[in-house]
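Chains A and B supply the protein sequences, listed in that same order.
Residue 1642, in my numbering, is where the first sequence stops; the numbers in between run on with no holes.
Residue 639, in my numbering, is where the second sequence stops; the numbers in between run on with no holes.
No lab work stands behind these hints: they were computed from the structure.
Every value quoted in this text rests on a predicted model; they were computed, and no experiment measured them.
Warning: the hint list may mix true and false statements.
[What the hints assert, rightly or not] Distance ranges between label pairs, derived from CB positions:
hint	chain 1	residue 1	chain 2	residue 2	range
1	A	R1616	B	K635	28 to 38 Å
2	A	S1499	B	D262	34 to 44 Å
3	B	E397	A	R1616	29 to 39 Å
4	B	W400	A	S1579	49 to 59 Å
5	B	T589	A	S1499	25 to 35 Å
Just so it is clear, CB atoms sit at the ideal spot from N, CA and C, and this is done for glycine as well.
Chain by chain, the residues:
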Amino acid sequence: MSILVNKDSKVVVQGITGSEGTFHATQMLAYGTNIVAGVTPGKGGQTALDGKVPVFNSVEDAKKETGADVSIIFVPPPFAAESVLEASDAGIETVVCITEGIPVQDMITVKKVVDANGTRLVGPNCPGIITVDECKLGIMPGFITKKGSIGVVSKSGTLTYEAIGQLVDVGLGQTTAIGIGGDPIIGTTMRDLLEMFENDSETEGVVIIGEIGGQMEIEAAYWARDNMSKPVVGFIAGQTAPPGRRMGHAGAIVSGGDDTAEAKMRILKECGIDVCESVAEIGDKMLNALKK
Amino acid sequence: MKIHEYQGKKLLKDYGVPIQDGYTIVNIDQAAETIKRVQREFNTKAVVVKAQIHAGGRGKGGGVKYSPDYNSAIINTENILGMNLITPQTGAEGKLVQKVYITQALDIAKEFYAAILLDRSKGKDVVMVSTEGGMDIEKVAAETPEKIEKVWIDPLLGMKSYQARTLAFALDLKGQAFKTAVKVFMDMYACYRGTDASLVEINPLVETEDGEVVALDAKFNFDDNAMYRQKEISGLRDLSEEDPTEVEAGKYDLNYIKLDGNVGCMVNGAGLAMATMDIIKLAGGDPANFLDVGGTASAETVKNGFKIILSDENVKAILINIFGGIVRCDRVANGVIQAVTDLGLKVPVVVRLDGTNAEEAKNILAQSGLSIITADNMQDAADKVVKATFN
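Isolated chain A (complex conformation) (with noise of 0.2 Å):
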């Protein structure tokens, strides 16, 4: 098993004719992910990626013709907070969106709807979720995975990948990992994932990757240590950040109160998290984590 996607996931791809959209479809079919479709309004009946993917006009009629059931975007900012609210209208079970720059107010209203439909939504602003050896989705290498029993959730990409990196060094592997994205409002939570690995037969561990602003590291780290039976790793970045600056992700900012590197360490350590001084020290923790 794993979480959220596998080998059998049909994906559609919003914005599979743009640049950025043909380009990581064409990695993700590479690595085996199970891409049946393919959406561009108004270029419907085409094919993409050198006429392996059918493209429709929309994504009620890609999950009609191809039974979808997973979608990934790659659409513009302007536009892809619509493209959400379309394959939820649609249907589709999970969305994830890899856009970066989509305005807090859309994703207000976005994240008001997909919680009402019931739509799993991972990102925005995030480089995806790769099911190793299974479903790759989004812009993550996947060739830096390797299969096992490690779960790994983050707010930052390349960061992401540095745990992997670490992991697979200590001879470890992945179940599922998934970049959560690092905007002020995203769909699917740090806490939501820490309890689907809880709940998932094949992951032994997990590592969760924060940063500075916001409180979900806090609430994920309340929840693991009433909930969870599995060991946690956690590393928050941002330790030498100034307040009042946003670092990069629209969401890293010290606004005052909890969100601070320094008081989520804290916490996550009172909560029973093995938490990382060092963002170096992210394998060998999780390796000592498992032996305890």
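Using the hints provided, position chain B relative to the given structure of chain A.
Relative to chain A, chain B alone:
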């Protein structure tokens, strides 16, 4: 993005919120005429002279002066325009006051606080008010949270008048002032949504002796992601209030924030960039900057990144940390070599490349003949770059 008080008040006024109004000047020659104009148009003898900078706490630093008559207004304007204003938010170096806002003075009966911002944990905008106007709201929240009233807005419904009434009741307003306040909260929310603001704060919102409810100050932050559809708001940006290197970096699509240390860093991805700063600190060094070169670290980006980092004279060594996913490390290595050669780099450079084509990249750097220090992992990189700052 931030704007000045006078710009924020203009936005509020456009949406129907009563403001303490006035005019701005940038040159002392305009002072006499403008003070008289404010006195005449707003039927007031007393005026308030207010420094316009992008930082709070202006009053504490002497940047806001009540002026009971024309002569005192002239003196205060002369003192404030061109002063280096130091407030709790500017840092010790302060900020040059290039613009002064001369406004009507009001007889204040009560001061309140009002703000709208995103509540991330609820995924909704929150409108909050407090009877403790003019105070530091974080202090109020920590010490007397019962003095803050909040309502959360359903994004599909917008703000409803019963919610605005809840806020006005919490301020214990009566009669006409109550009615005005309800309208102020509704208009304030419309302004927040209409301008894609991420923060609208009125502190203080006052009730005057004659029962008016008026915004005495206005602080706005905007969602940078939404500025493509807010041309008018984008036009309010004042680049002279921002760090020139950060502005320059923005032109190259680089995300740069200057810090106080001496280890320059160049990283792909915001999270990894923060983690790199952190590990430099743990290794005994001090990061000079945050720099995220984004997902497409080409030779050109690397070169621009070097230029930006080197514009900070404190930088004694540079750490490049790239985890190549989509980015190919061999291309980054070539970019580094080209930049080091072209710019005639004097400071030591430590390079850690991992991911796609990392081995090739290492060979390219080793064979370049340049004194580039390569590192195997983040710990190694941090140790080497900190050591290099002491050489």
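Problem - Range agreement (Cβ of A:S1499 with Cβ of B:T589, hint 25 to 35 Å) - result: With a Cβ separation near 46 Å, B:T589 and A:S1499 fall outside 25 to 35 Å, so the hint is violated.
Handout entry: CB-CB spacing for A:R1616 and B:E397 relative to the 29 to 39 Å hint
Key = At 30 Å between Cβs, range holds.
Practice task
State, for the Cβ atoms of B:W400 and A:S1579, whether the hinted interval 49 to 59 Å holds or is violated.
Solution key: 35 Å, violated
Exercise for the section: Take the C-beta atom of A:R1616 and the C-beta atom of B:K635, compute their distance, and say whether it sits inside 28 to 38 Å. Expected result: Between A:R1616 and B:K635, where Cβ atoms are some 31 Å apart, the hint holds.
Practice task
Given the range 34 to 44 Å, decide if the beta-carbon distance of A:S1499 to B:D262 lies inside it.
Solution key: Cβ of A:S1499 to Cβ of B:D262: about 58 Å, so the range 34 to 44 Å is violated.
Comparing the model with each numbered hint stated earlier shows that hints 2, 4 and 5 do not hold.
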